[in-house]
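Undergrad: Each chain, written out:
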Amino acid sequence: MEVLEQGIGKLFTDPDADKAREFFRKKSRRMENKLMTLKDAIAKYVHDGDYLAIGGFGAIRTPIAACHEIVRQGRKKLAFCGHTSTHDFQILAAGKCFNRVDIAYIIGLEARGLSAVARKYMESGEVEVTEWTNYCLSARMKAAAMGVSFVPIRNIMGTDTFKYSGAKKIKCPFTGQYYVLMPALYPDVSVIHVHEADIYGNSRIRGITISDLDLARASKHLIITAERIVSTETFRNEPTYTSIPFYLADAVCEVPFGSYPGNMPYEYFSDEEHLREWLHTEKDAEAFEQFLEENIYSCETHFDYIRKNGGIEKMWKLRAKELMVNNDTE
Amino acid sequence: MADYSAMEMMICSAARELEDGSTVGVGTGAPCAAAMLAQKTGSPNLTIMFEAGGIAPLLPEMPISVGDSRTTWKAVMASGMCEIMETACRGMLDYTFLGGAQIDMYGNLNSTRIGDDHQKPKVRFPGSGGANDFGSFAWRMMVMTPQDAKRFVERVSYITTPGWLEGGNSRAKSGLPLNAGPYKIITNMAVMDFEPESKRMRIISINHGYSEKDVLDNCGFELLKAPKISETSPPADEELRILRDEVDPLKLVIGR
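Chains as they are written, first to last, in this note's numbering: chain S, 9 to 338; chain Y, 6 to 261.
One chain only, chain S, in its complex shape:
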């Protein structure tokens, strides 16, 4: 197959399927207890220079507690997968944790506006970027999950998104139609927030899965953060509902409200007031430094952060908002 055109963007990961197989050959398949604290999981599996991907999408089911912990532990020089990455991107940009980004959607918080800090960092020239689209990144994860080094898709041709990507254009040997090849994306480590997990890493996701089923399978190491730890019987009784099987996971952390201030489907809605506070405070460098100290650096766990932002009462209100019930008795 002849390459007709190719993007000038750099690949931050190796798409080689045999090298990935060699890695997965050595990955444990034991059904063993992987419960640990989030602090230990980040310390053990997220290293400076790693390629990191975050599950969820646009502050929905994103592992925010894990992002805080990565910033707290001062990880640097990560490569990052910006697949509609909103509040998670904002947090990691505040910590200047990454210096390479595969971009589909960054900086913005969708209808809420743009992050001033993330934007400034991306305009500084300190971050190396390669352009993609959301579907490109999904397809790249899908290729890795399939155990192949690329998949062909039909978008981005003729655009600058292709020019600045790491994709290649070819002609189909069957039909003569053109395709762009998406190189497999095998992240060194991913964090996915789920509704329920057991101590081995079997996990259930409710609501949209976005690209997380492929991401879980594509990742060399996978940290699961869960709203709740449940018994393995829960999975064995209803195996239809398992989203992620245990052998994909390296660590399991119980982090209730782990997506706060984002939205966790069927559990709690996003805290729009607090997200606005983030966007607003970012505009004043000194105030933002204090804000980060208060909300991230001085917190030991996600519970501390939640306590500082309205505690269980706030969570209760966000739960009512999520379920669209009125719990206002005042």
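It is worth saying that the hints were derived from the structure and are not from the lab.
Please read these numbers as outputs of a predicted model, since none were measured by experiment.
A virtual CB, placed ideally from N, CA and C, is assigned to each residue, including glycine.
Any given hint could be a false lead.
Derived DSS-like pairs (lysine-lysine); straight-line CA-CA distance at most 30 Å [to be verified]:
no. : chain 1 : residue 1 : chain 2 : residue 2
1   : S       : K27       : S       : K52
2   : S       : K329      : Y       : K45
3   : Y       : K178      : S       : K176
4   : S       : K128      : S       : K291
5   : S       : K325      : Y       : K256
6   : Y       : K79       : S       : K322
7   : S       : K291      : Y       : K125
8   : S       : K176      : Y       : K127
9   : Y       : K127      : S       : K104
10  : S       : K128      : Y       : K127
11  : Y       : K127      : S       : K291
12  : S       : K104      : Y       : K125
13  : S       : K35       : S       : K47
14  : S       : K18       : Y       : K127
15  : Y       : K178      : S       : K18
16  : S       : K128      : Y       : K155
17  : Y       : K127      : S       : K171
18  : S       : K291      : Y       : K155
19  : S       : K171      : Y       : K125
20  : Y       : K125      : S       : K176
21  : Y       : K127      : S       : K322
22  : S       : K179      : Y       : K178
23  : S       : K329      : Y       : K79
24  : S       : K171      : Y       : K79
25  : Y       : K125      : S       : K18
26  : Y       : K155      : S       : K171
27  : S       : K85       : Y       : K127
28  : S       : K171      : S       : K85
29  : S       : K176      : S       : K27
30  : S       : K291      : Y       : K45
31  : Y       : K127      : S       : K84
32  : S       : K128      : Y       : K125
33  : S       : K228      : S       : K176
Interface residues of chain Y toward chain S, partial, derived using beta-carbon atoms under 7 Å [as the list claims (entries may be wrong)]:
no. : residue
34  : T33
35  : I69
36  : G72
37  : M90
38  : G135
For chain S, the structure is supplied; the task is to place chain Y on it using the hints.
TA: Just chain Y now, kept in the frame of chain S:
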């Protein structure tokens, strides 16, 4: 005639474009309002899809994110990105609405950057997200945007999402799926389509209160004109009532 804002006008125009029984991929804001209004007026069997995976929700209110819980409220399926984009690539997504910081005469969109140094741009925007995907695959891509000469430029400085590329048959030659592309551009001043041969943007109707000169003066390139330019039908009282009372009672979009 009823009193209405430019945003309400655009939403009503857009809603009328969505044929009953079709599918539409939407983002947050005005496009979502247009799709919801269409469902409550002429197109009750319009299926709304969100790129993150929500299929056919009964939207109880405006979503904040294209993946938030409202996008699957009483939906028929909570799927994922590949499900939606593969459906679009197979040819089952009829419409989408997109936007950008810049749009050119062929409907190409820029939502990535201003300035030539890609690694150190003068202004960095969020990027494609799912826009290039929907714009590549949906049969008919539409844009709802306020119109001014800074946004409507001769050539976008960066093509994030394909319009008709260089015009003519350049899009077909690029390898993108055939016969799909920009369809209508709906602004506060007018509605534009694309001349079938050159694929250049042209005026087809002008909104009440604006002149042809207004439309031309607020565009950074030479707009073509359809053989007959009409006045865009203004919003009907019933459309406005539904939009204000049922679609966006909190004025999240129409209040802008």
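Undergrad: With reference to the structure, classify each hint as holding or not holding.
TA: Verification of the supplied hints:
1. S:K27 / S:K52: holds, 22 Å
2. S:K329 / Y:K45: holds, 24 Å
3. Y:K178 / S:K176: holds, 16 Å
4. S:K128 / S:K291: Holds - the C-alpha atoms of K291 of chain S and K128 of chain S are around 11 Å apart, at most 30 Å.
5. S:K325 / Y:K256: Holds: K325 of chain S and K256 of chain Y sit about 22 Å apart, inside 30 Å.
6. Y:K79 / S:K322: holds, 25 Å
7. S:K291 / Y:K125: The given pair, whose Cα atoms are some 21 Å apart, holds under the 30 Å limit.
8. S:K176 / Y:K127: holds, 28 Å
9. Y:K127 / S:K104: holds, 20 Å
10. S:K128 / Y:K127: holds, 10 Å
11. Y:K127 / S:K291: Distance of about 18 Å is within 30 Å: holds.
12. S:K104 / Y:K125: holds, 16 Å
13. S:K35 / S:K47: At roughly 22 Å apart (the allowed maximum being 30 Å), K47 of chain S and K35 of chain S satisfy the hint.
14. S:K18 / Y:K127: OK: K18 of chain S and K127 of chain Y at ~21 Å, within 30 Å.
15. Y:K178 / S:K18: holds, 26 Å
16. S:K128 / Y:K155: holds, 23 Å
17. Y:K127 / S:K171: Holds: K127 of chain Y and K171 of chain S sit about 19 Å apart, inside 30 Å.
18. S:K291 / Y:K155: holds, 26 Å
19. S:K171 / Y:K125: holds, 16 Å
20. Y:K125 / S:K176: Between K125 of chain Y and K176 of chain S the Cα gap is close to 24 Å, so the pair holds against 30 Å.
21. Y:K127 / S:K322: violated, 40 Å
22. S:K179 / Y:K178: It holds: about 12 Å lies between the C-alpha atoms, which stays within 30 Å.
23. S:K329 / Y:K79: holds, 15 Å
24. S:K171 / Y:K79: Violated, at about 40 Å.
25. Y:K125 / S:K18: holds, 15 Å
26. Y:K155 / S:K171: Holds, at roughly 24 Å.
27. S:K85 / Y:K127: holds, 23 Å
28. S:K171 / S:K85: Holds, because 25 Å separates the two Cα atoms, which is no more than 30 Å.
29. S:K176 / S:K27: Distance of about 21 Å is within 30 Å: holds.
30. S:K291 / Y:K45: With a Cα-Cα distance of about 41 Å, the restraint between K291 of chain S and K45 of chain Y is violated, given a limit of 30 Å.
31. Y:K127 / S:K84: holds, 25 Å
32. S:K128 / Y:K125: holds, 10 Å
33. S:K228 / S:K176: Roughly 25 Å between the alpha carbons, so the hint for K228 of chain S and K176 of chain S holds.
34. T33: With a minimum Cβ separation of about 4 Å from chain S (threshold 7 Å), the hint on T33 of chain Y holds.
35. I69: holds, 5 Å
36. G72: Interface hint status for G72 of chain Y: holds (4 Å vs cutoff 7 Å).
37. M90: Because about 4 Å separates M90 of chain Y from the closest Cβ in chain S, which is inside the 7 Å limit, the hint holds.
38. G135: holds, 4 Å
Checked against the numbered hints above, the structure violates hints 21, 24, 30; every other hint is satisfied.
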